[in-house]
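Enquirer: Chain residues, written in single-letter form:
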Amino acid sequence: MSSEPAPLLALDLTGTFAFGLNGALTAVRAARLDVVGVVVLGMITALGGGFIRDVLMDSLPPATLLDWRYYTLALVGGLIAFALSRRLRRIETAIVVFDAIGLSAFAVIGASKAQDSGLGVVPSVLLGVVTAVGGGTIRDTLVGRIPSVLRSGLYAVPALVAAAMTVAAIEWGVYGLPAGLGAATACFLIRMLGVRFGLNAPEPPETRRSRGPRGTGA
Amino acid sequence: MSSEPAPLLALDLTGTFAFGLNGALTAVRAARLDVVGVVVLGMITALGGGFIRDVLMDSLPPATLLDWRYYTLALVGGLIAFALSRRLRRIETAIVVFDAIGLSAFAVIGASKAQDSGLGVVPSVLLGVVTAVGGGTIRDTLVGRIPSVLRSGLYAVPALVAAAMTVAAIEWGVYGLPAGLGAATACFLIRMLGVRFGLNAPEPPETRRSRGPRGTGA
Amino acid sequence: MSSEPAPLLALDLTGTFAFGLNGALTAVRAARLDVVGVVVLGMITALGGGFIRDVLMDSLPPATLLDWRYYTLALVGGLIAFALSRRLRRIETAIVVFDAIGLSAFAVIGASKAQDSGLGVVPSVLLGVVTAVGGGTIRDTLVGRIPSVLRSGLYAVPALVAAAMTVAAIEWGVYGLPAGLGAATACFLIRMLGVRFGLNAPEPPETRRSRGPRGTGA
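Residue numbers (the working numbering), protein chains in the order written: chain A, 1 to 218; chain B, 1 to 218; chain C, 1 to 218.
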C-alpha cells in the first residue's frame with residue numbers, strides 16, 4: 001500500500017529520465033527553442049503523465065512534485081539533451097527510443113499505482129494508459145503537433161498491453177520486478193516493431209477508399 | 001445528495017454517448033486517424049468535460065472513471081462512429097448535432113452536480129458551462145483547431161443558458177426530469193439555430209472595421 | 001495560514017485583472033473572435049494558472065472559482081479589453097505589459113500559497129512558476145501558438161526569480177507587502193528588459209550552427 005518496491009521505483013525514475021530526454025530533444029528538433037524552453041518541455045513531458053494520473057486517482061499533491069528525485073531527473077535529462085543535441089547524429093531515433101522507454105515504464109507504474117490506490121481493474125488499466133501517453137500528449141500539443149496517441153495506433157495499444165499485463169499480474173498475486181519488467185519489455189517491443197515496420201491499426205473506411213491504406217503515416 | 005435520479009442519469013449517459021460519436025467523427029473528418037486514434041479522441045471528448053468538472057469540484061476519482069457505463073458508452077460510441085463513417089453522407093451535420101446533444105446534456109448535469117456538491121449559484125453555473133464545453137475544447141486542441149467555445153459565440157451562450165436554468169430550477173425547488181429536459185432542449189435549440197443561421201455574438205470593433213461583420217465565420 | 005494579507009490579495013487580484021485584459025486582447029489580435037470568445041479567453045488566461053496551482057497543491061475547489069472577486073475581475077477585464085480594443089493604438093505593447101504584470105503577481109502569489117499549504121522550498125518555487133505561466137500557456141495553446149514559456153527564455157526565468165525571492169523571504173521570516181512587491185517588481189523588470197532588448201537564453205548548439213544565434217526570435 002505504501003510506495004513502489006525499489007526495483008519498480010527504478011523503473012519509474014528510468015521512465016522519468018527517458019521522457020525528460022525525449023521532451024527536450026523534441027523541443028530542439030521541432031521548435032528549436034532556447035535552453036529554458038528545451039528544459040521546460042523536457043520536464044513537462046517527464047512529469048505530465050504522472051500529474052494527470054495523480055489528479056485522477058486523487059493522490060495530491062503529485063508524488064513527482066514532492067519527491068526531489070523526479071523533478072531533478074527530469075531537469076537533468078533536459079539539460080543533457082540540450083547539451084548533446086549537436087552530437088546526436090540520429091536524433092530522430094533517439095527521440096523514438098526514449099519515448100518508447102518512457103511509455104513502457106509509465107504504463108506499468110501507472111497501472112500499478114492505480115491498483116494500489118484501490119481502483120478497479122478497468123480504471124487501473126485506463127490510468128496506466130493515461131500515465132503512459134499523458135506527458136507525450138501535452139508535449140505534442142504544446143509544440144503544435146497532433147499527439148502520437150491519436151496519430152499512431154501502435155502507441156496506445158502497447159501501453160494498453162503493458163497496463164493490462166500489470167493489472168493481471170497484481171490480480172494473480174505475481175506482481176514484482178520480473179512481471180513489471182516483462183510488461184514494460186512487451187510494450188517497448190510492440191512499439192518499436194510498429195515504428196520499424198510502419199504498422200498502424202486499421203484506418204476508417206473513408207480514408208482507405210480515398211487515400212489508400214498507408215495514407216496517414218505515423 | 002447522492003447521485004442523479006434515473007432520468008437525469010439517462011441524460012448524462014446520452015451526452016456521453018453523443019460526445020463519443022462526435023469526437024470519433026471529428027477524428028475521421030479532421031485528421032483521418034486510424035481506429036485507435038478515432039476511438040481515443042471519442043473517449044477523450046466524451047469523458048474530458050466531466051473529468052475537468054470533477055477535478056474542480058474536488059470529486060475525485062471522477063465518477064466517469066469509476067462507473068463502467070460511462071467509459072463503455074464512450075468507447076462504443078467511438079467504435080460505432082468509426083464503423084459507420086463511410087456510410088454517413090452528411091458527416092458534418094452528424095458532428096454538429098451530436099456535439100449539440102452532448103453540450104446540452106452536460107451543461108444541465110454539470111450545473112446540477114456542482115449544486116449537489118454544495119457550490120454556490122455562480123460557481124455552479126460556471127461549472128455547468130465548463131462541463132459542457134470542456135471535452136470539445138480538448139478535442140479541438142488535440143487536432144489543432146481553435147476550440148468551438150472561442151470561435152462561436154453561440155456555443156458557450158446556450159450552455160450558459162441551460163446551466164443557469166438548471167441552477168434556477170434547483171434553487172426554486174422544481175428541479176427534476178421536466179426542468180432538466182427543458183433546460184437541455186433550450187440549449188440544443190439555441191445552438192442549432194446559431195449553426196443554421198450562422199449567428200454569432202458581436203465581434204470586436206477592430207475586426208468589424210477591417211474585415212466586415214461576418215469575417216471570422218464560425 | 002489562512003488567506004493572503006490584504007496587500008497580497010490586492011496583488012493577486014491585480015494579476016487576475018491584468019491576465020483577463022491580456023487574454024482578451026490576445027483573442028482580438030490573434031484570432032479575431034467574437035465577444036464571447038474574447039471574454040472566455042480572458043477568463044481562462046486569468047483563472048487558468050490558479051486552477052492548475054490549486055489542483056496540484058490539493059486545494060480544491062479552487063479559490064478563484066469560489067471567490068466572486070476573481071471571476072468577476074477576469075470577466076470585467078475581458079469586457080473592457082473587448083470594448084477598448086479599437087482605441088488601443090499599441091495593442092501589442094498592452095498585451096506584453098499586462099502579461100508581465102500577471103506573470104509577476106502570480107509568481108509571488110503562487111509561491112506564497114504553496115508555502116502556506118505546507119509544501120517544501122523547491123515544490124513551492126516550481127508551483128509559483130506554474131501559477132505564473134499556466135494561464136498564458138493554456139491561452140497560447142488554445143489559439144494555436146507555441147506557448148511563451150517555451151519560446152522565450154526570459155519568461156520562465158523572471159517567474160522563477162520572483163518565486164525564489166518569495167520563498168526565500170518566507171523562509172527568512174521577512175515576507176510581507178514590501179518583499180512581495182519587490183519580488184514582483186524584479187520579475188516585471190527582467191521580463192520587460194528581455195522583451196525590449198530581444199534577449200533570450202542560449203539556444204541549442206544545433207540551432208546556433210544552422211541558423212545563427214538570433215534565429216528563433218521570441
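Don't read these hints as lab results, they were simulated from the structure.
Since we're looking at a predicted model, the values are computed, not measured.
Check the hints yourself; a few may be wrong.
[Unchecked claim] Computed footprint of chain B on chain A, listed as stretches where at least three residues anywhere in the stretch have a Cβ under 8 Å from a Cβ of chain B:
(1) 38-47
(2) 118-130
[Stated by the list, open to error] If the Cβ cut is set under 7 Å, some of the chain C residues that face chain A in the computed set are:
(3) 56
(4) 57
(5) 147
Backbone N, C-alpha and C fix where the C-beta goes; we use that ideal spot for every residue, glycine too.
Enquirer: For every hint, state whether the structure bears it out.
Expert: Hints, one by one, checked against the model:
1. 38-47: violated (count 0)
2. 118-130: holds (count 6)
3. 56: Since the shortest Cβ distance to chain A is 6 Å, the answer is holds.
4. 57: For residue 57/C, the interface hint holds, since the closest Cβ of chain A sits about 5 Å away, which is under 7 Å.
5. 147: holds, 6 Å
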